[in-house]
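Generate the whole structure from the sequences, applying the supplied hints.
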Amino acid sequence: MENKVEEKESDSTAFRNKEKVLVTCSRRINYRYRHLMMNVVLLLPHCKKDNKVESKESKGATLNELVELKGSSSCLFFECRKQKDLYLWMAKCPNGPSVKFLVNAVHTMEELKLTGNHLKGSRPLLTFSTNFDKDPHWKLLKEMIEQIFGTPKDQRKCKPYHDHVFVFSIVDDHIWFRNYQISVPHNEADKVDRGGLDKMNLVEVGPRFCLNPIKIFGGSFGGPTLYENPFYVSPNQVKDFFHLLKLFLEASD
Amino acid sequence: MGILKKELVLSNKDAVNDDGEENPEVDISESESESEDEDVKLTERSKTSIYNRDGLLDKLGDISWPKDVDWRHKLSLDINQEQEVDVNDDLARELAFYTQALEGTRQAFVKFQSMQLPFLRPSDYYAEMVKTDSHMVKVKGRLLAEKRKIEEAEERRKARESKKIAKEVQAQKLKERAKQKKEEIESVKKWRKQRQRNGFEKDDQMGLTFEDGKTFEKSTKKRPGVGPADRSGGKANRVGWKGKKGGAGGKKGRDFKDSKFGFGGRKGMKKQNTAETTNDIKSFNKSNLSENKKRKR
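First to last, the protein sequences are chains A and B.
Going by the working numbering, the first residue of the first sequence is number 1, and it counts up by one from there.
Going by the working numbering, the first residue of the second sequence is number 1, and it counts up by one from there.
Don't read these hints as lab results, they were simulated from the structure.
One thing to keep in mind: the hints can contain errors.
[Unchecked claim] Estimated spans, in silico, between C-beta atoms of each pair:
#1 A:E54 - B:K111: 42 to 48 Å
#2 A:D133 - B:R72: 20 to 26 Å
#3 A:N51 - B:D90: 22 to 28 Å
#4 B:G61 - A:E54: 33 to 39 Å
#5 A:D173 - B:E161: 48 to 54 Å
#6 B:R53 - A:R81: 29 to 35 Å
#7 A:A61 - B:D90: 40 to 46 Å
#8 B:R53 - A:N51: 34 to 40 Å
#9 B:K111 - A:R16: 30 to 36 Å
#10 B:D90 - A:R81: 24 to 30 Å
#11 B:M115 - A:D173: 32 to 38 Å
[Unchecked claim] Once the Cα atoms are required to be at most 20 Å apart in a straight line, the calculated EDC-like pairs of lysine to aspartate or glutamate come out as:
#12 B:K147 - A:E188
#13 A:K120 - B:D133
#14 B:K67 - A:E110
#15 B:K140 - A:E110
#16 A:K215 - B:D54
#17 A:K113 - B:E151
#18 A:K159 - B:D133
#19 B:K74 - A:D133
#20 B:K74 - A:E110
#21 A:K120 - B:E128
#22 A:K139 - B:E151
#23 A:K120 - B:D124
#24 A:K18 - B:E291
#25 A:K139 - B:D78
#26 B:K138 - A:E111
#27 A:K134 - B:E84
#28 A:K139 - B:D58
#29 A:K20 - B:D62
#30 B:K67 - A:E146
#31 A:K139 - B:D68
#32 A:K153 - B:D70
#33 B:K111 - A:E146
#34 A:K48 - B:E128
#35 A:K113 - B:D70
#36 A:K215 - B:D58
#37 B:K140 - A:E111
#38 A:K134 - B:D78
Ideal Cβ placement from N, Cα and C applies to all residues, glycine included.
Right, here's the structure in full:
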């Protein structure tokens, strides 16, 4: 429920970003994916974590109601199937588009190889690769990501200073996410010494994941399908393929 | 709809199986086709899937923020990725992400600086971090352990190489010494022969001096605590050389064992004047009551 108090030639100070994200998951979620969800909650100070959501039949309706109940304007729903496959629903509510992603390559912040650290609640810098502007579906996704993952400017829990940066990059038709801590030698808070920018160093904080868009719907958790990914192969199909391959190989021996 | 799709795909594969050959590539990349009247059909890889361009752009218009929103609200940057990155090459991929982030941060900082906003955390600003201190301690521990492993590996390698070199040098030295010895012996022999030839002249004129001009000198290497006539190899004065195991060992000697296990039994508790022992008549053997104990047996 964005509060756009402005006229046509709006003064930008009248725009207030009142984005609130509801973060939930399904039951029987894997520990790794649960940690990923907790990490995401840490990264977004404008989010609200809710309890596990039950069954999948009436999924669309229940979630929409839940979102409205909590007064959020968007939702990140982590759905785990067969304790192996994680699907992420990203939806703008009440009538915005929603996307279903398949999540791969998950690394959480708890991994010791990801050594960076940053302020909890500081606003991130969002970087997108330019191929987000090539196609309408990428443009839509970019807008949604910008609104959901970007912390509102005067949010109550946000901290000043910018010490981390998000990377959203499209490689091989997947959206890759990285989070880096910015470390640059500086003395003052509002300027960098000459040559300081060159000595800037990024340390990865985590988490890491890779999103494979499956479908984009016109409504929130439902509605007409606006986009279907032609390259998407569901994990079940992959399993079936390997199973049949195994049978074939056994039969041919 | 989803189940139908799967059946279709599976039956396709079964048919193929019957033919005796499998064509996996086609099946795997197949995705179902579903077209609706108002949608734009997009053919990719000879399949059709929904791509409602207009619908997407409509939604985009719906949700996006007004165009002239201050950049400070969005904080988003678009970075151009020059070359195509191969997904499977991990290093190149991560490098591409890193450069994207670096470039983005640089641009952002330039903007911040021009807006004169504080954006860098001062060193005395302490606040809650996203990872707890205890976690960071673990991270630090791991980094240190890795560094130590690398250093140890380096040291081991260096030690190995220096050992090799040292061995060579040692061999060299021995050879030289042997050569020296030989030469000296040779020179003495020569000198003797010379003297013989010259008919044993006076001893004062030593035509030959030893090469380095030094006569026999006592070795200056010191070995503390060892006299010249010591034949024990220097181990006689070693600390702790007190019989087998020193004081503690002595306690576990014969006496102790005797008292614990041997015929001495336990030290105490041998005889006691208790109620049971008073009334115990087993030791009064009836058979020898009437005997003459003085008779020699």
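Keeping to a limit of 20 Å between CA atoms, is the pair of K120 of chain A and D124 of chain B held or broken?
Within the cut-off at roughly 16 Å; holds.
I want to verify a distance hint. Is the separation of the beta carbons of G61 of chain B and E54 of chain A within 33 to 39 Å?
For E54 of chain A against G61 of chain B, whose Cβ atoms are near 35 Å apart, the range 33 to 39 Å holds.
20 Å Cα cutoff - pair K215 of chain A, D54 of chain B:
16 Å, holds
Holds or violated: 42 to 48 Å for the Cβ distance of E54 of chain A and K111 of chain B?
Taking Cβ atoms as reference, E54 of chain A and K111 of chain B lie about 46 Å apart, which means the hint holds.
Just to be careful, I want the Cα atoms of K139 of chain A and D78 of chain B compared with a cutoff of 20 Å; is the pair within it?
12 Å, holds
CA of K139 of chain A to CA of D68 of chain B, is that 20 Å or under?
18 Å, holds
Given hint E291 of chain B paired with K18 of chain A - CA-CA distance at most 20 Å:
It is violated: about 118 Å lies between the C-alpha atoms, which goes past 20 Å.
Are the Cα atoms of K139 of chain A and D58 of chain B separated by 20 Å or less?
11 Å, holds
Supplied distance hint 29 to 35 Å, evaluated on CB atoms of R53 of chain B and R81 of chain A:
30 Å, holds
Check whether the Cα positions of K140 of chain B and E110 of chain A lie no farther apart than 20 Å.
The hint holds at about 13 Å.
Are the Cα atoms of K74 of chain B and E110 of chain A separated by 20 Å or less?
28 Å, violated
Is the hinted range of 32 to 38 Å satisfied by the C-beta distance from M115 of chain B to D173 of chain A?
About 36 Å separates the Cβ atoms of M115 of chain B and D173 of chain A, which means 32 to 38 Å holds.
Going down the numbered hints, you'll see the structure goes against 3, 9, 12, 14, 20, 22, 24, 35, while the others check out.
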